[in-house]
Each structure stands twice: as C-alpha cells, then as structure tokens.
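There are 2 protein chains.
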Amino acid sequence: MIRIAIIGMGNLGKACAELIRASQDLELVATFTRQTSLEIMDWADKIDVVLVCVGSQIDAPVVTPWLAKNFCTVDSYDNHREMAKYIESISREHQSNNNSPHSSFVIPHCSPKVNIVGVGWDPGLFSLMRIYLGAFTGTEAKTFWGPGVSLGHTNAVKSIAGVKDAIQWTIPVISENRHKRVCHVVADTAKHRFIENEIKTMPNYFAPYQTEVHFVDKIKKSHQHGGFVIAKGNGVNTKFALKLKSNPKFTAAVMLAYAKAAVKLRDEGKSGVFTVADIAPRYLADNPIALI
Amino acid sequence: MIRIAIIGMGNLGKACAELIRASQDLELVATFTRQTSLEIMDWADKIDVVLVCVGSQIDAPVVTPWLAKNFCTVDSYDNHREMAKYIESISREHQSNNNSPHSSFVIPHCSPKVNIVGVGWDPGLFSLMRIYLGAFTGTEAKTFWGPGVSLGHTNAVKSIAGVKDAIQWTIPVISENRHKRVCHVVADTAKHRFIENEIKTMPNYFAPYQTEVHFVDKIKKSHQHGGFVIAKGNGVNTKFALKLKSNPKFTAAVMLAYAKAAVKLRDEGKSGVFTVADIAPRYLADNPIALI
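Line by line, the protein sequences are chains A and B.
Start counting the first sequence at 31; every next residue gets the next number (this note's numbering).
Start counting the second sequence at 31; every next residue gets the next number (this note's numbering).
Treat each hint with caution, since some may be false.
Copies of the same chain are indistinguishable here, so a pair counts whether it falls within one copy or spans any two.
Claimed, not checked - In the EDC-like style, the derived pairs of lysine to aspartate or glutamate whose C-alpha atoms are separated by at most 20 Å in a straight line are:
| id | residue 1 | residue 2 |
| --- | --- | --- |
| 1 | 115 | 308 |
| 2 | 250 | 218 |
| 3 | 294 | 308 |
| 4 | 172 | 316 |
| 5 | 294 | 316 |
Hints in this document: simulated from the structure, not taken from any laboratory.
Go ahead and model the full structure; you've got the sequences and the hints to work with.
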C-alpha cells in the first residue's frame, strides 16, 4: 500500500480523497488544509507521497518547496509561464537538503525526494501530446481548450480580495487560433471595478488573453471541460481529443498515476524535480511491455 | 550533425533516406541492403545510429542483435507478441559485449550502445497512448487499426515462398471490438493453396485473426492507414485519432525522432535496449519545458 497525504481540501483535494478511497493500492493516511499544514512535519515517516492540492497562484509556490525538503510530492501547478521558475525554487530545496541535512527545517537523515510538478491534463496529458505529436510530425502541435471550466483560472479569480465566488470558462476561438476567457464573479457592487481590473491585469492567467468579466448573483457550478491537441506533418494527421465530465476528478486521477510513479522512482534511488516530460511512460504501467 | 546509416532499402528505408536528406541535423552517411549488410562493420566509428529497415518477421531478429554489439540502432520491429523475446535477444548481446569486449564479433573498445526497438505508430505512438490513456482513465485503452495497409503484415505475406507481390488491408470491426485482415496476393495458380494456408496459419500475424486471402493479377499500391486509441474512465473520455497518407513516411519520421533520442541517451552514458515506454518524452524535444 502506498501511503498518501493531501494538503488542500478544495475540489481537487476532495476528488483525490475520493479516488484514493476507491483504490486497491493507495491508502489515505492524512489530510491537511492550508491552515493545518504545519502539522504534516510530524508525519514524515508515515507518508510516501503528498498530493499538493492548494492553489497554483499563491499557495503552491510556497508550500511545495517547503515540502520538498522532507516529502515526495505530486502537484498540479498550472502556471505554464512560471513553470521553469517554480521548478528552480523546488530544486534549490533539494540542493540545500544535500548541503545542510541537519538544518532546523529538515528532518535528519531523510532520503532524497521525488517532486513531480505540473500534473493534470494541461499541464500534464496535453504537454505529453504536444511533445510527442510535435516530434513525430515535425511541426508545432496546436492546443485548444474548452469550452469548459478552468480550475486554475477559477482559483486565481477566487484568490482576489472581495471575490465571494467565481468560475472561469475558457472558450476556444479556433478560426483565430486563440481562446477567450469568460469569468463569472460574485462580489459586492462596490468591489466590481477593482476586481475586474485585478482579473484583466493578472499576469499569465488573464493579461495575455481576451478576458470578459461578468458579475452575477450566484455561480452555476460546473466542472465540464475538454479540448484537443492537433498536429499535421510527415504524411500524417493526428488529433487527440479530451472530454471531461469532472475536471477535478480527472486531474486527481492523473496525480494518483504519477504518485505511484513517484514511489517507483524513489525506490530506484532517483530524486529531484520531475515534470511529465522527465518520466518514462513505463513508470505509469504495471506491465508496460504488454501495452507495447 | 547526427550520422545515420540505413539497412534495408525497401519502402521504409527509402522513406527514411528521403526524410534524412530533408533534415537540418541528420546526415545519411551510408545505406546497406540485406545483402551488403556485412560491410557495415567497416563503418563503426563513422555512424551514430543505424536505422534497421529490414522486415520484422525474418530479418530483424537476426540483424538487430548482430548490430547491437557495435551500433546504436532504431527499428520498427512490429511483432507485438514476440517483442519481449526480441528485446531479450538484443539484451543478451549487450551482456556478451560486457563480458567479452574483445571477441571476434565485437569491435574493440566500442562503447555501450543504445538500441531502441518497436518504433513507429503501432508499436510506437499507439503504445504510448495505451500506456498514458490507460493509466489516467484507470481502464484498458482500446485500439482500432485501419482501414488501411499494414506494412509489417504486407512484408510477412511477401516473405512467403511463391508470393510475387502482396498487400494487406486491416479493417476494424468496431461493433465486435475486433479487426479482420484482408490480403491481396499475386502468385502462380499452382501455389495458391499453399500460400493461403501459410498466411492463415502464420502465428501472431494472421492465425489469431479472421483472415481473407484474395489472389489478384496486380497489386494496387497504397500506403493509406490510420486508426485510433480510446479510453474512458475517471470522469473523462479520451480519443486519439491518426490518419496516415503515407505509412512508411510516418514510421520513418518516428524512427528519426527516436534516432535523435538515442544519441542523447548515448551521450548521457546510458546503454541497453529501450522501447518507447522506457524513454522519457523530454528526449524527443529540443526545449521540453516550453511544451509543458
């Protein structure tokens, strides 16, 4: 049994918990909220992998490097443009781990850890498609998202002061090879102008896109999402299509697949920060040769 | 520049040569037929990767282990059921390489080699889809081929004594979750009965399938092929679809992508037999983090 803990019990954390409880080979040993997260340091020898289910915008860049000293982690960090910086901040903790193994922040004698970042459907499955389809067709694979709800962008809006509830719909504009982002937000009228400006100027998440902000009385909940990756070249047309009924459930499923991979990598003595691009597919299968 | 050689100058070998000539970072330094293949041993220090483009049924199981002692190779070996045995036969050469580095069959002081097997669209790209989509949906991904021409099965038919020309069409029977194999064969009438029996009883290639054999005066050439991999589970529907205008060209393109990966693996000091499942996606991209 692989012993799993979860930090962050929002939609994604709850979806992880549900899938772990339904699993034969995973055991949910502890859950933590952002607030109770300090308590996890008492659990270092009782947890194989921590699923980091806090938001990418503010919390993950703090929480994951802090955990990396002592725990194998899997997260769904989704800020593509900040990914390299995020990886670097976690890698630094690995280096300091080696340099000062008895610092007050490090549990003594802990073994090197495997930290897998950016796991879900994009980044994650779609990243893999861009790499493979791009390499095999000799072209740049094109990605379209939606129409659907983006968890990361929804959380980014929710993190703004004064936002009571929110949802972000991503709409592909295929003919123009771009997307628009539509936010539905619940907030006091006095805050509308501030919030709309905060959203539209948010770097990476909204600033580079055509963004619409609509203030509503109540959010109609949905986790529907999907998209496709297409590439054409070298005598081939390829299309990968994804339709999600539940965005958090699928992100959770991909995270759990990589949690098992993290344990295999750790047991082989490997350590460091890994994206999906750094992990050979065989780590995801019990009997890979049967699937060749 | 990566220095490439090709053994076997049929459809696949020719497609490889054409793509290499159009490439910026690959150089075609030598080509060999099955008959002139012995001459390759004079080229050991002038070739980075040998593309093994001989047939899978009879030639590759002899040629690839023989080359593995002295060369990095990439092949499109396509006999799924014999894959484990094929890998083992090449691995044995690696072991004997280590044990007797000065045997008469081994060029002295050669460095360990990277041999990548089963590269193309199936095995290859479809194998990757089965692994990823299976792992993420928690189900067994289903594969459908065609309608289209199978290169491997066509070569298997052509290898039968008395066959003057042949083509094999694979037809998906989706409602029954199976395929049928339709062979068009040119041969003298006296040989028809023997050939039909040889095809229908050929292990792995035809014996497990509903197979039709039609004798014709002339083969209508085609390389059209395609298929899809589907998986459903964990709140998601996934479908990967492939349409090939040229089967050999796309197989060649995938082989060349892995030839570049072989050089990167070799340069990292890695050696051994690799399937697509054993190679992290990052080896296929110049700047993988940009695709995450």
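Status of the hints after comparison with the structure:
1. Only within a single protomer do residue 115 and residue 308 lie at most 20 Å apart by alpha-carbon distance; the minimum there is 17 Å, versus 28 Å between protomers.
2. For the homomeric pair residue 250 and residue 218, the shortest alpha-carbon distance inside one copy (18 Å) is at most 20 Å, but the shortest distance between copies (71 Å) is not.
3. Taking identical chains as interchangeable, the C-alpha atoms of residue 294 and residue 308 lie at most 20 Å apart whether they share a chain (14 Å) or sit on different chains (14 Å).
4. For the identical chains of this complex, residue 172 and residue 316 are inter-copy neighbours only, at 17 Å across copies versus 31 Å inside a copy, given an alpha-carbon limit of 20 Å.
5. Taking CA atoms no more than 20 Å apart as the test, residue 294 paired with residue 316 passes inside one copy only; the shortest distance there is 11 Å, against 27 Å between copies.
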